[in-house]
Every structure is written in C-alpha cells, then in structure tokens.
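> The primary structure of each chain is shown beneath.
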Amino acid sequence: MLVEFDLIKKAQGGDAAAFNQVVLAYRRKTLGTIARLIGRPEDVEDVAQEVFLRLYFSLDQLRAPEGFEAWLYRLTVNAAYDHLRKHRRRAETRVADLSEQQMTMADAAASTTVDRDELRKRQVRETVDELLSSVSPEDRILLTLKEVEGLSLKDLEKVYGANENALKVRLFRARQRVLKAFHGSEKGTQKAGVGSE
Amino acid sequence: MLYENFSDNEQRLDQLFAEYRDACIVPEPGAGFMPALWQKIEARQSTSWFFRKVSGWFVAASAAATAVLALALLMGPSPANPIYAETYVDALAADHASDYSLYTEPVHVDRVADFSAGGILE
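Order-wise, the sequence lines are chains H and R.
Numbering of the first sequence is given in the numbering used here, commencing with residue 978 and proceeding in unit increments.
Numbering of the second sequence is given in the numbering used here, commencing with residue 46 and proceeding in unit increments.
Source of the hints: derived by calculation from the structure; they are not laboratory data.
Ideal Cβ positions, reconstructed from N, Cα and C, are used throughout, including at glycine.
It cannot be assumed that every hint is accurate.
Unchecked claim - Which residues of chain H face chain R? A partial, calculated answer using Cβ under 8 Å:
| # | residue |
| --- | --- |
| 1 | Q998 |
| 2 | V1000 |
| 3 | R1005 |
| 4 | L1008 |
| 5 | A1012 |
| 6 | V1021 |
| 7 | L1030 |
| 8 | V1101 |
| 9 | V1112 |
| 10 | S1113 |
| 11 | V1155 |
| 12 | F1159 |
As the list claims (entries may be wrong) - Derived Cβ-Cβ restraints for the label pairs, each shown as a range:
| # | chain 1 | residue 1 | chain 2 | residue 2 | range |
| --- | --- | --- | --- | --- | --- |
| 13 | R | A88 | H | A994 | 48 to 58 Å |
| 14 | H | A1143 | R | Y133 | 52 to 62 Å |
| 15 | R | S100 | H | D1094 | 52 to 62 Å |
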C-alpha cells in the first residue's frame, strides 16, 4: 500500500485533502498501468483522470481499505476498457507489413539521427500493440495485466472478482491467439527476408 | 518442427512482453492534472445536483397531486345512483334475459307467384 488506511478512510468520509493525497500517491503508478493497457501515450492522462473521477464517486462503496488497490485496479481496468472500446481502431500497420517497417527503421537507425535504443523501444511497442489487437479489448487488458504488469492469478481474482480457473482458461485462450499472430508475423518476416535477398 | 517453433515463439513472446513494459512511454503527470481533475469532479457534482433537484421536484409534485386526488375522492359527494350497484348474479341474469329476447326464428314466406300458380286464388 502506498498510503495509510486512515487516509483512505478520511477520503471515504469526504475529506478533499485526504483524497488529494491518495491521488498524488497513486497517480504515477496508475498512469504507468494505463499506458501499458491502452498503448496510446497521448490519451493516458485523460483516462487516469477518469479513473480518479470514478474513484471519487465510488469510494464510499469500498467496504474495507485493505481492498483499495484491487479496487483502484478494477476502476483502471474499466476505464481502460471503455477507452479501448471507444477508440478501437484499425491498426495502421498490418503484421505482414512489419518487415518493411522494420527495414525502414533500420535505415533510419543507420543514419544515426535517431537513437537506436529509442528505435528498438518503438519497434517493440508497435509489435506488441499489433499483436494485442488480435484479441478483444477485454482479453488485451487481462493479458497485459498478467504478462506485462506481472499480476498474479490471485491478484487478478481480486480485481475481476472472478474464479481463478475461469481466468486461467481465458488467459490461455488469449495467449494462444496472440501467439498465433506472433507466429504469423515471424513467418511473414522470414518470407520477406528471403524475398529481399 | 511446428511445435519447436511454437515453444521458441513462446519464449520470444515472453521476452517481448518484458521489453514492452520498459518500452512503454509513461507520461509525466502535468501541472494541470489535479486542477483538471477537481474541475471534472465539480462539473459532475453540479450535474448530479441538478438531476437530484429536478427529480425532487417531480416527486413533490406527484405527491401533491396524489394528495389532492385522494381528498377529492374522500370529500366529494357519493353518487346517488351508482353505476355498478347490481351484483354479479343480477348482471348474469340480465345478460341471459337479453339473450332470449334477441332469439328469432327464420320466417318462412311463400312467394305470391306460387299462390297464383297453385290455384289457390282460382
């Protein structure tokens, strides 16, 4: 916990200063989670504000302060899901085109005008974003929480309020779909590599 | 071969996810984060206050209308000849009687031409 239980209780009682402190304590962590869940840095702050807005109006429904972090995660997941559903976009880049894009990036890197490390990060972001677009927004969020955020099944059980086995099944299916898309993209890259030789 | 590829890809996918965590751009919270948040909270509070107020007016108005109608029913003159004074049995009997009164038999009428043709007039 990043804050004391007393502070949460005070915020629940309508103390604006206590609520401010809670937001300040969890702001950075929430921004990070949202950034990884939605993959669009330009929208992260708006979604984070929506999360804290929902927190403000639902804090009185929280029974025990011990469950605060799972509660906040749930609000984050819901806000991220709403955002993804609203802005569900067709990825501008297709898996098959990745090799071409990678080559363009490699050229850019060779020109030494762009930092290689930054280029690699951008490539990773775009690849994962593309792979995650092969599953539904719900599965994207679940998979990101498990694989990227590192939440355990117990944590996910608290966040979703769902049975561990049901979550396992859903995670397995989502991962298989992503893996299939990854396999396809790898094959596409290899083919493109052979073709260009 | 395919399974080998898949298990190889499993590991690479795990690695990719791990890299993704570090590669994601986490924007620094801007100076306007908290003021904007409080503005949104206040805006939503005022909206919900308005709806609460309007719904309160509707509840009060409907309660007043109910009270007025209840008073009008209680204090108004009772009808001298109530419409539904008869019993169920009376209503059934009346209905039965009207059935009988409406019962008609077909009337047999001979044509005038037949009379003349049959020689009755002759």
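> Please write out, lowest number first, the hints stated earlier that are contradicted by the structure.
1, 9, 10, 13
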